[in-house]
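Residue numbers (this note's numbering), protein chains in the order written: chain R, 662 to 773; chain Y, 327 to 440.
Quick caveat, the hints were computed from the structure, so don't treat them as lab data. Using N, Cα and C, we set each Cβ at its ideal position, and we do this for glycine too. Possibly wrong hints are sitting among the right ones.
Keeping only pairs whose Cα atoms sit at most 25 Å apart, straight-line, the calculated SDA-like set for lysine to any residue is [claimed, not checked]: (1) K765/R - G366/Y; (2) K340/Y - G329/Y; (3) K730/R - M367/Y; (4) K664/R - V414/Y; (5) K730/R - K340/Y; (6) K396/Y - V414/Y; (7) K335/Y - K664/R; (8) K664/R - K397/Y; (9) K765/R - G389/Y; (10) K765/R - R436/Y; (11) K765/R - Q363/Y; (12) K765/R - S410/Y; (13) K765/R - K340/Y; (14) K765/R - K383/Y; (15) K383/Y - D743/R; (16) K765/R - K396/Y; (17) K765/R - K397/Y; (18) K335/Y - K730/R; (19) K335/Y - G764/R; (20) K397/Y - S722/R; (21) K765/R - P365/Y; (22) K340/Y - S702/R; (23) K765/R - L395/Y; (24) K383/Y - K730/R; (25) K713/R - L395/Y.
Example chain R residues on the side facing chain Y (calculated, C-beta under 8 Å, incomplete) [stated by the list, open to error]: (26) S670; (27) C673; (28) G676; (29) H701; (30) P705; (31) G711; (32) N714; (33) R729; (34) Y748; (35) F763.
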Amino acid sequence: DAKTTQPPSMDCAEGRAANLPCNHSTISGNEYVYWYRQIHSQGPQYIIHGLKNNETNEMASLIITEDRKSSTLILPHATLRDTAVYYCIVRVGDQAGTALIFGKGTTLSVSS
Amino acid sequence: NAGVTQTPKFRVLKTGQSMTLLCAQDMNHEYMYWYRQDPGMGLRLIHYSVGEGTTAKGEVPDGYNVSRLKKQNFLLGLESAAPSQTSVYFCASSPLGGGPTSRTFGSGTRLTVV
């Protein structure tokens with residue numbers, strides 16, 4: 662699985678958009694980009710994933726660059742409850758039992 | 327619908343003691359996983375199971391054993407606890423053929439070994 666690089670921490674004002682970057686310069690053509698988040702003391706929660714096209718769901722938007730070497734997770738209107746560690750994971754599908762390599766992620770702090 | 331339930335939520339062990347962590351899921355998922363998370367680190371896979379009666383090693387299996395006697399339960403055992411096993415343990419499950427989008431995690435067990 663491709664290695665990812667994320668900033669260790671980011672701050673965002675409540676109600677503003679939070680843009681979380683992820684670099685994955687060694688990504689292969691068949692690898693997806695997944696985003697998870699982990700709110701303090703809870704298990705990780707799936708947010709969104711994509712291959713090459715931009716994606717949007719009820720939680721967030723995912724923007725993947727044309728060369729697929731980086732991506733940005735966008736929380737359009739951040740709330741205090743979005744304070745969490747956000748993990749960018751790159752992998753091929755989900756073979757049985759293979760690990761999700763979480764890395765250290767980005768700690769997003771949303772303040773009022 | 328409880329999802330993935332882990333017991334206990336907290337435990338303190340003395341070095342050398344043994345214990346079993348229980349993970350139960352009510353979603354009829356085929357796959358189950360045990361992870362550990364250390365401060366400032368991401369999750370690392372300890373062991374996993376692709377079905378009842380089957381288990382396999384993950385990234386960091388040493389010092390742990392697992393069993394999957396029933397489809398809904400996945401047990402993680404520490405035979406002789408060591409301080410290095412102080413961590414937060416997460417269980418997860420996913421359905422047959424399900425990808426990372428369908429992986430459901432429990433709320434964790436915080437274990438301290440003194």
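Verification of the supplied hints:
1. Only pairs whose Cα atoms come within 25 Å are accepted, and K765/R paired with G366/Y is accepted, the gap being roughly 6 Å.
2. The suggested pairing of K340/Y with G329/Y is violated, with an alpha-carbon distance near 31 Å, which exceeds 25 Å.
3. Of the pairs offered as hints, the one joining K730/R and M367/Y holds, with about 23 Å between alpha carbons and a cut-off of 25 Å not exceeded.
4. Note on K664/R and V414/Y: the hinted pairing holds, with a Cα-Cα distance of about 24 Å set against a maximum of 25 Å.
5. Simply put, K730/R and K340/Y have alpha-carbon atoms about 47 Å apart, too far for the 25 Å limit, and the pair is violated.
6. At roughly 24 Å between alpha-carbon atoms, K396/Y and V414/Y fall within 25 Å of each other, so this suggested pair holds.
7. With a CA separation close to 32 Å, the supplied pair K335/Y and K664/R exceeds the 25 Å bound.
8. For the hint pairing K664/R with K397/Y, the CA-to-CA distance comes to about 33 Å; that exceeds 25 Å, so the pair is violated.
9. Straight-line distance between C-alpha atoms of K765/R and G389/Y comes to about 24 Å, which keeps the hinted pair within the 25 Å bound.
10. Distance check on the hinted pair: K765/R and R436/Y sit about 19 Å apart at the alpha-carbon level, within 25 Å; holds.
11. Between K765/R and Q363/Y the alpha-carbon distance is near 10 Å, which keeps this suggested pair within the 25 Å criterion.
12. With a C-alpha separation of about 19 Å, the suggested pair K765/R and S410/Y falls inside the 25 Å cut-off, and the hint holds.
13. Annotation: proposed proximity of K765/R to K340/Y is violated, straight-line Cα distance about 29 Å (limit 25 Å).
14. This hinted pair checks out: K765/R and K383/Y have alpha carbons roughly 22 Å apart, not beyond 25 Å.
15. Between the alpha carbons of K383/Y and D743/R the distance comes to roughly 34 Å, so the proposed pair goes past 25 Å and is violated.
16. Of the supplied pair hints, the one linking K765/R and K396/Y is violated, its CA atoms being roughly 33 Å apart against a limit of 25 Å.
17. As the CA atoms of K765/R and K397/Y are separated by approximately 32 Å, the hinted pair breaks the 25 Å bound.
18. With a C-alpha separation of about 39 Å, the suggested pair K335/Y and K730/R falls outside the 25 Å cut-off, and the hint is violated.
19. Taken as a hint, the K335/Y and G764/R pair is honoured in the structure, with Cα atoms around 24 Å apart against an allowance of 25 Å.
20. Distance hint between K397/Y and S722/R is unfulfilled; the C-alpha atoms sit about 35 Å from each other, more than 25 Å.
21. A threshold of 25 Å between alpha carbons decides the hint, and for K765/R with P365/Y the separation of about 10 Å falls inside it, so the pair holds.
22. Taken as a hint, the K340/Y and S702/R pair is honoured in the structure, with Cα atoms around 23 Å apart against an allowance of 25 Å.
23. Annotation: proposed proximity of K765/R to L395/Y is violated, straight-line Cα distance about 34 Å (limit 25 Å).
24. For the suggested pair K383/Y and K730/R, the alpha carbons sit about 31 Å apart, so the restraint of at most 25 Å is broken.
25. Restraint check for K713/R and L395/Y: the C-alpha separation of about 41 Å exceeds 25 Å, so the hint is violated.
26. The criterion of a C-beta within 8 Å of any C-beta in chain Y is not met by S670/R, whose closest approach is roughly 11 Å, and the hint is violated.
27. Hint status for C673/R: violated, given a least beta-carbon distance of 21 Å to chain Y, over 8 Å.
28. The criterion of a C-beta within 8 Å of any C-beta in chain Y is not met by G676/R, whose closest approach is roughly 28 Å, and the hint is violated.
29. The interface hint given for H701/R is violated, since its Cβ lies 11 Å from the closest Cβ of chain Y, which is over the 8 Å cut-off.
30. With its C-beta approaching chain Y no nearer than about 5 Å, P705/R sits inside the 8 Å limit, and its interface hint holds.
31. For G711/R, the interface hint is violated, since its Cβ never comes within 8 Å of a Cβ in chain Y; the closest pair sits about 11 Å apart.
32. Here the hint on N714/R is broken, as its CB sits about 16 Å from the closest CB of chain Y, past 8 Å.
33. Hint status for R729/R: violated, given a least beta-carbon distance of 18 Å to chain Y, over 8 Å.
34. Interface hint at Y748/R: satisfied, since its Cβ lies 6 Å from the closest Cβ of chain Y, which is below the 8 Å cut-off.
35. The beta carbon of F763/R comes within 3 Å of a beta carbon in chain Y, closer than 8 Å, and the hint placing it at the interface holds.
Consistency note: the structure conflicts with the earlier hints numbered 2, 5, 7, 8, 13, 15, 16, 17, 18, 20, 23, 24, 25, 26, 27, 28, 29, 31, 32, 33.
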